[in-house]
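Protein chains: 2
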Amino acid sequence: MKTLKDIGEHSVIALLTANLKTVGDDCAVLPLDAQYDLVLTSDPLIQGVHFTPETRPEQIGWKAVARVLSDFAAMGADPQYLLINLVAPPEQDVQILEKIYDGVSRVRKRFDVDLSGGDLAQGPNLELHVFGVGRVPKGRALLRSGAHPGDILYVTGPLGDSFKSGRHLTFMPRVTEGKWLRQSGFVRAMMDISDGLATDLRHILKASKVGADINSATVPLFGTLEQALYDGEDFELLFTVPADEADAFDVQCLEHLEQKFSRIGSLTEDVEVLTLDGAVLDRKAYEHFR
Amino acid sequence: MKTLKDIGEHSVIALLTANLKTVGDDCAVLPLDAQYDLVLTSDPLIQGVHFTPETRPEQIGWKAVARVLSDFAAMGADPQYLLINLVAPPEQDVQILEKIYDGVSRVRKRFDVDLSGGDLAQGPNLELHVFGVGRVPKGRALLRSGAHPGDILYVTGPLGDSFKSGRHLTFMPRVTEGKWLRQSGFVRAMMDISDGLATDLRHILKASKVGADINSATVPLFGTLEQALYDGEDFELLFTVPADEADAFDVQCLEHLEQKFSRIGSLTEDVEVLTLDGAVLDRKAYEHFR
Chain A
68 MKTLKDIGEH
78 SVIALLTANL
88 KTVGDDCAVL
98 PLDAQYDLVL
108 TSDPLIQGVH
118 FTPETRPEQI
128 GWKAVARVLS
138 DFAAMGADPQ
148 YLLINLVAPP
158 EQDVQILEKI
168 YDGVSRVRKR
178 FDVDLSGGDL
188 AQGPNLELHV
198 FGVGRVPKGR
208 ALLRSGAHPG
218 DILYVTGPLG
228 DSFKSGRHLT
238 FMPRVTEGKW
248 LRQSGFVRAM
258 MDISDGLATD
268 LRHILKASKV
278 GADINSATVP
288 LFGTLEQALY
298 DGEDFELLFT
308 VPADEADAFD
318 VQCLEHLEQK
328 FSRIGSLTED
338 VEVLTLDGAV
348 LDRKAYEHFR
Chain W
68 MKTLKDIGEH
78 SVIALLTANL
88 KTVGDDCAVL
98 PLDAQYDLVL
108 TSDPLIQGVH
118 FTPETRPEQI
128 GWKAVARVLS
138 DFAAMGADPQ
148 YLLINLVAPP
158 EQDVQILEKI
168 YDGVSRVRKR
178 FDVDLSGGDL
188 AQGPNLELHV
198 FGVGRVPKGR
208 ALLRSGAHPG
218 DILYVTGPLG
228 DSFKSGRHLT
238 FMPRVTEGKW
248 LRQSGFVRAM
258 MDISDGLATD
268 LRHILKASKV
278 GADINSATVP
288 LFGTLEQALY
298 DGEDFELLFT
308 VPADEADAFD
318 VQCLEHLEQK
328 FSRIGSLTED
338 VEVLTLDGAV
348 LDRKAYEHFR
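Protein chains in written order, with this note's numbering: chain A, 68 to 357; chain W, 68 to 357.
It is worth saying that the hints were derived from the structure and are not from the lab. One thing to keep in mind: the hints can contain errors.
[Said to hold, decoys possible] Residues on chain W that point at chain A, a partial pick, calculated with CB under 7 Å: (1) GLN159; (2) GLY184; (3) GLY190; (4) SER251.
[As the list claims (entries may be wrong)] Counterexamples of contact, computed for chain W against chain A with all Cβ distances above 10 Å: (5) LYS69; (6) ARG123; (7) PRO191; (8) PHE238; (9) ALA313.
[To be verified] Across the chosen pairs, the derived CB separations fall in these ranges: (10) GLU325/A / PHE230/W: 54 to 64 Å; (11) THR291/A / THR237/W: 47 to 57 Å; (12) GLY115/A / ASP160/W: 55 to 65 Å; (13) LYS273/A / GLN162/W: 21 to 31 Å; (14) THR237/W / THR119/A: 36 to 46 Å; (15) ASP349/W / GLU165/A: 41 to 51 Å; (16) LYS205/W / PRO216/A: 43 to 53 Å; (17) THR119/A / GLY115/W: 19 to 29 Å.
Yeah, the Cβ is synthetic: ideal placement off N, Cα and C, and Gly gets one too.
Bound conformation, chain A alone:
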């Protein structure tokens, strides 16, 4: 018998989604009408995995929704509607649930997203399953597959130490930045960082058939470089811009968002080879089932 633990999360997702039409990006992008594509995503938030019994309930609600909004940010899409399945044991304190929904309300209102439905079910463990629906102008979603060799690699903010610092419970999803980055026309590929810079960057390398070199001195850090590479749950955006447009891009960012994003490396022609200051970086990553 092979268990999830034996084969790891990503293998199971690959196995189970073998015949999916849209796989690999942060959201599914599907035809909607003449003007727009439909953008769909779902994320679970599970006690014992994504939060503990000690986590403040408002932060549970905030994180559950903020993760889904970060998926939309990663595509440069507009989130519009949320549905939430809540699982809780019969002995669950209802006041805790109300506080969780306060957190849900705070983040969804900030980004003008409707809570449109959901369900409640009995189960042994407290969980939220958040489902998001949104849209993006037809054919304009930013995918992981658009990067070219030579592109400059950017990140929207400092990485690492998100778990220990508690930042993973209070982060601001980069919805505004993601949408502007798409509209700017400079960005070729984008995703959000949920599993660590090294792990997630490999998804862009694979989807775009490129390599990358990270310049360690330029990676903005909250903790150590190793934490930035492997911790995850940063929910900053990772994206690429053509090298000859990067200066103009920086100027536009300052003008429109009043900030500059960090250039942390560049893409190469060595397909799926990831280097750090020129030295090959071995695979080491947090996988949920290992």
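Chain W: place on chain A using the hints.
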């Protein structure tokens, strides 16, 4: 401290969804474009609640998706896309998961619905959270609120004994019938029966501000009348048709669907009063948290 067990499932849903824009129907119906409304729903399927460790895995997958498709049927809507969050413990046998997805594939392909994404997470209990996205011509979704006093009450098939017989794992969602019923123009209010005829009918009575009398001799049964009234998980459609159009409706059903649906009672002016053969029926219903 008040627990879920103290206040019951429906009270919690009411509490937590107090500021939702669309609540109470089987799906949320939201504006999409000039031609269509967007239809959204989500349903959890949880080991120990909706199935047991002994349930055949193909049937777990079938039921998880069929329940969501039944929600679309209840609105007369077209399901288009599914996302599935799967929760499983690390020691989960992967072969079981593959078989669950076989069940998912069989039912979704039967109704031409795409599996468009989802996520996998670690948790103590096997669960599927299925999110569905679809559409319905603008303003045409069949709601619970459209019934009038005098309407004839119909059901699409026999009720009761769904748990013990195992029918709750293999039922065919009434997607084809639901869509045709909407298109026929005869139906005023509709929902699917998931909590038993008596419990679910009260939702129509409340939403439509009407009463109803059930004619017990006419209720099509798999088991006893009590099972039909209170067991639930039948996933047949419950709907109303104006009395003076019911004969013409029956003729159309025979012509287009090659079947007649059962007339099981009629609606009255006594708001929220439910009677069985003229005698008031007391409230007794399966509530998940009690």
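Results of checking the hints against the structure:
1. With a least beta-carbon distance of about 5 Å to chain A, the hint placing GLN159/W at the interface is held under the 7 Å criterion.
2. For GLY184/W, the shortest C-beta to C-beta distance to chain A is roughly 4 Å, which falls under 7 Å, so the interface hint holds.
3. For GLY190/W, the suggested interface contact is upheld, since its CB lies about 5 Å from the closest CB of chain A, less than 7 Å.
4. Below 7 Å, beta-carbon pairs count as interface contacts, and SER251/W has none with chain A, the closest being about 26 Å; its hint is therefore violated.
5. Against the 10 Å criterion, LYS69/W falls within the reach of chain A, whose nearest CB is about 5 Å from its own CB.
6. With 10 Å as the threshold on Cβ separation, the claim that ARG123/W sits away from chain A holds: the shortest Cβ distance comes to roughly 17 Å.
7. A beta-carbon of chain A is positioned within 10 Å of the beta-carbon of PRO191/W; the least distance is around 5 Å.
8. The Cβ of PHE238/W sits about 18 Å from the closest Cβ of chain A, beyond the 10 Å cut-off, so the non-interface label holds.
9. Every CB of chain A is more than 10 Å from the CB of ALA313/W (nearest about 32 Å), matching its label as outside the interface.
10. Checked against the given bound of 54 to 64 Å, the beta carbons of GLU325/A and PHE230/W, roughly 60 Å apart, stay inside it.
11. Remark: the range hint 47 to 57 Å for THR291/A to THR237/W is upheld by a beta-carbon distance near 54 Å.
12. At about 21 Å, the beta-carbon gap between GLY115/A and ASP160/W misses the expected band of 55 to 65 Å.
13. LYS273/A and GLN162/W have their C-beta atoms about 27 Å apart, which keeps the hinted 21 to 31 Å range intact.
14. For THR237/W and THR119/A, the hinted distance range of 36 to 46 Å is satisfied, since their beta carbons lie about 39 Å from each other.
15. In this structure the hint that ASP349/W and GLU165/A lie 41 to 51 Å apart at CB is violated, the actual value being about 31 Å.
16. In this structure, LYS205/W and PRO216/A meet the distance hint of 43 to 53 Å, their C-beta atoms being roughly 47 Å apart.
17. At roughly 23 Å, the beta-carbon separation of THR119/A and GLY115/W lies within the given 19 to 29 Å, and the hint holds.
Hints 4, 5, 7, 12, 15 from the list above are not met by this structure, while the remaining hints are.
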